[in-house]
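Listed below, chain by chain, are the residues.
There are 2 protein chains.
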Amino acid sequence: MSNIREHILQTTCNLMEKQGYHGTGLNEIVKESGAPKGSLYHYFPEGKEQITAEAVWQSGRMTAKRIQNGVSGGSNAAKAIHDFILNIADHVETSGFAAGSPLTAVAMETATKSERINLACREAYTLLETAFKEKLLESGFTKTKAEELGTFITATVEGGIILSRTYHSGNPLRTVAKHLKVLLSQ
Amino acid sequence: MSNIREHILQTTCNLMEKQGYHGTGLNEIVKESGAPKGSLYHYFPEGKEQITAEAVWQSGRMTAKRIQNGVSGGSNAAKAIHDFILNIADHVETSGFAAGSPLTAVAMETATKSERINLACREAYTLLETAFKEKLLESGFTKTKAEELGTFITATVEGGIILSRTYHSGNPLRTVAKHLKVLLSQ
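Residue numbers (our numbering), protein chains in the order written: chain C, 649 to 834; chain S, 649 to 834.
The reader is advised that the hints may include incorrect statements.
The list that follows gives simulated cross-link-like pairs (lysine-lysine, BS3-like), each with its CA atoms no further than 27 Å apart [what the hints assert, rightly or not]:
1) S:K696 / C:K727
2) S:K791 / C:K727
3) S:K829 / C:K829
4) S:K727 / C:K826
5) C:K826 / S:K679
6) C:K679 / S:K761
7) S:K727 / C:K829
8) C:K685 / C:K696
9) S:K727 / C:K791
10) C:K761 / S:K793
11) C:K727 / S:K829
12) C:K826 / S:K826
13) S:K791 / C:K791
14) C:K761 / S:K761
15) S:K826 / C:K793
16) S:K829 / C:K826
17) S:K791 / C:K696
18) S:K826 / C:K829
19) S:K696 / C:K761
20) C:K713 / C:K829
21) S:K727 / C:K696
22) S:K829 / C:K791
23) S:K826 / C:K727
24) C:K829 / S:K696
Computed spacing ranges between beta-carbons, pair by pair [unchecked claim]:
25) C:L785 / S:S743: 32 to 40 Å
26) S:I652 / C:R714: 25 to 33 Å
27) C:L785 / S:R714: 34 to 42 Å
28) C:Q658 / S:T792: 37 to 45 Å
29) S:G788 / C:S720: 35 to 43 Å
30) S:N724 / C:S833: 20 to 28 Å
31) S:H690 / C:G744: 35 to 43 Å
32) C:E786 / S:E763: 43 to 51 Å
Covered by chain S, according to a simulated footprint, are these stretches of chain C (three or more residues, beta-carbon under 8 Å) [as the list claims (entries may be wrong)]:
33) 663 to 670
34) 693 to 701
35) 714 to 728
36) 743 to 750
37) 799 to 808
Note that these hints are calculated values from the structure, not bench results.
Each residue gets a CB set at the ideal place from its N, CA and C atoms; glycine is no exception.
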C-alpha cells in the first residue's frame, strides 16, 4: 500500500474518531493529511463512503493488533485483559479524551444508512472480539465461553471508553477493568 | 413544557439516535417534526447546540425512567437487569437497528467539541448509572459496589447496543445479559 494512501486512511480514522462520519468532510481529510486533492480521488475513486469503509477496516486491524500485543505474554487472560484496559484508560486521558474509540460514532451513524460502511464495521468489531477470544482460549476457556466473553469484553470496553471520553476521566474504564477481572477470574 | 417544544426535542432525539449530531440538520428537525420553523427559533433561540443539549438531557431522563420501570418489581437485581437487557435486544431488533442508543454518537462526536453538549451527556449517563445503582442498593449491594457496578452495567449495555445495531442482531445484547447475570449473581 502506498504511503500516501495509508496516510489518508490514518487521517480519516483520527478525524472520525474525534468527530464522527458526518462531521468529517473530504476537504478536511485533504487538509489534515496534507495529501494533494488529486491523490484522494486517485486512491479512492468512489469517494467518502469508500474511504470510510477502508478506514474502518484499517482501524479494526490496528486495534486488533494492539489487543493481541497488549494481552500477549505469560499472564492469564483475566490479569492480561485487566492490565490492557488500564492502558486504554491512560491512552484516553493522554489524548485529551479525543481518542480511544475509532469505530463507535461511525458505526452508530451508518448502521442503517450505508451497507458498505456497516459491513466494514462488522468486520472490524469481529477482529476485536476474536483478539480477546484467542487470549481466552489460550488461558483454557472453552470455545463457547471464549466466544461469548470475547463479545462481552468488546462491548464492555467499548462502553467504558464512551463513558471515559464523556466524563473526561479514565476512571470508568478503570472500574470496567476491575469488575471484568472478577468475572474472568471465576 | 409546551407540546411543540417537547415534540421538537423528541424528533431531535430520534434523528440523532439514528444518524448522530453532525448528520442531523435543523431543516431536517423542522421537516420531521412538522413544527413551524419559527417555533424552533422561538423555543431554542441559541440554535442547534441548545436543542441538542436539551434533547440529550431529555433522552437521559426518559432512558433512566425506562430502566427504573424495567427493573422494578420483586426480582433481584441480577434477574431484573438480565430481563431488562433482553427487552432492549427485542427493541433494537424491532426498530430495524436504528434505535437503542440515543446518546452514543452524539456523546462521541461532541466529547471534546462542545462543552455544553458534553455536560448534558454527562448528566444523562449519570442518570442511567444511578437507575441501575438504585436497583442494586435495593437488592442489598454495598454502596461502593452498587456505584461501581452501575457504571459497569451502563458501559456493558451501551457497548452491547452498539454491537447489536452494527451486526443487525439482538444476540450480542443477549450475550451481554447472560454474562452480566453471572457477575451480578456472585
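Comparing the hints with the structure gives:
Using a Cα cut-off of 27 Å, the hinted pair S:K696 and C:K727 is violated, with the two alpha carbons roughly 45 Å apart. Annotation: proposed proximity of S:K791 to C:K727 holds, straight-line Cα distance about 26 Å (limit 27 Å). As the CA atoms of S:K829 and C:K829 are separated by approximately 15 Å, the hinted pair is consistent with the 27 Å bound. Of the pairs offered as hints, the one joining S:K727 and C:K826 holds, with about 22 Å between alpha carbons and a cut-off of 27 Å not exceeded.
Among the hinted pairs, C:K826 with S:K679 is inconsistent with the structure: their alpha-carbon atoms are about 46 Å apart, more than 27 Å. Between the alpha carbons of C:K679 and S:K761 the distance comes to roughly 19 Å, so the proposed pair stays at or under 27 Å and holds. Distance check on the hinted pair: S:K727 and C:K829 sit about 21 Å apart at the alpha-carbon level, within 27 Å; holds. For the given pair, C:K685 sits about 13 Å from C:K696 by alpha-carbon distance, which is consistent with the 27 Å threshold.
This hinted pair checks out: S:K727 and C:K791 have alpha carbons roughly 25 Å apart, not beyond 27 Å. A C-alpha spacing of about 40 Å is found between C:K761 and S:K793, which places the hinted pair above 27 Å, so the restraint is violated. Simply put, C:K727 and S:K829 have alpha-carbon atoms about 21 Å apart, close enough for the 27 Å limit, and the pair holds. Proximity of C:K826 to S:K826 is assessed by CA-CA distance (about 19 Å); at most 27 Å being required, the pair is judged to hold.
Taking the CA atoms of S:K791 and C:K791, the gap is about 36 Å. The hint is violated against a cut of 27 Å. Under the criterion of a C-alpha separation no larger than 27 Å, the hint pairing C:K761 with S:K761 is consistent with the structure, at around 24 Å. Taking the CA atoms of S:K826 and C:K793, the gap is near 11 Å; set against the 27 Å cutoff, the hint holds. Using a Cα cut-off of 27 Å, the hinted pair S:K829 and C:K826 holds, with the two alpha carbons roughly 17 Å apart.
Proximity of S:K791 to C:K696 is assessed by CA-CA distance (about 48 Å); at most 27 Å being required, the pair is judged violated. Note on S:K826 and C:K829: the hinted pairing holds, with a Cα-Cα distance of about 17 Å set against a maximum of 27 Å. Proximity of S:K696 to C:K761 is assessed by CA-CA distance (about 22 Å); at most 27 Å being required, the pair is judged to hold. A hinted pair counts as satisfied when its Cα atoms are at most 27 Å apart, and C:K713 with C:K829 qualifies at roughly 21 Å.
Distance hint between S:K727 and C:K696 is unfulfilled; the C-alpha atoms sit about 45 Å from each other, more than 27 Å. Note on S:K829 and C:K791: the hinted pairing holds, with a Cα-Cα distance of about 20 Å set against a maximum of 27 Å. A threshold of 27 Å between alpha carbons decides the hint, and for S:K826 with C:K727 the separation of about 22 Å falls inside it, so the pair holds. The hinted pair formed by C:K829 and S:K696 fails the criterion: a straight-line CA distance of about 42 Å is larger than 27 Å.
Checked against the hint of 32 to 40 Å, the pair C:L785 and S:S743 passes, with Cβ atoms roughly 34 Å apart. The beta-carbon spacing between S:I652 and C:R714, approximately 48 Å, falls outside the hinted interval of 25 to 33 Å. At roughly 37 Å, the beta carbons of C:L785 and S:R714 sit within the given window of 34 to 42 Å. Between C:Q658 and S:T792 the beta carbons are some 41 Å apart, a value that agrees with the proposed interval 37 to 45 Å.
A hinted range of 35 to 43 Å for the beta carbons of S:G788 and C:S720 is consistent with their spacing of about 40 Å. Range check, S:N724 to C:S833: about 23 Å between beta-carbon atoms, so the 20 to 28 Å window is met. Taken as a hint, the range 35 to 43 Å holds for the pair S:H690 and C:G744, whose Cβ atoms sit roughly 37 Å apart. Between C:E786 and S:E763 the beta carbons are some 44 Å apart, a value that agrees with the proposed interval 43 to 51 Å.
Coverage of the segment 663 to 670 of chain C by chain S holds [criterion: at least 3 residues with CB-CB distance below 8 Å; count 5]. Here the segment 693 to 701 of chain C counts 0 residues with a CB under 8 Å from a CB of chain S, which misses the bar of 3, and the coverage is violated. Counting residues of the segment 714 to 728 of chain C whose C-beta sits closer than 8 Å to any C-beta of chain S gives 0, which falls short of three, so the coverage hint is violated. Given as covered by chain S, the segment 743 to 750 of chain C passes the check, having 4 residues with a CB less than 8 Å from a CB of that chain where 3 are the minimum.
With 9 residues having a beta carbon nearer than 8 Å to a beta carbon of chain S, the segment 799 to 808 of chain C meets the requirement of three or more and the stated coverage holds.
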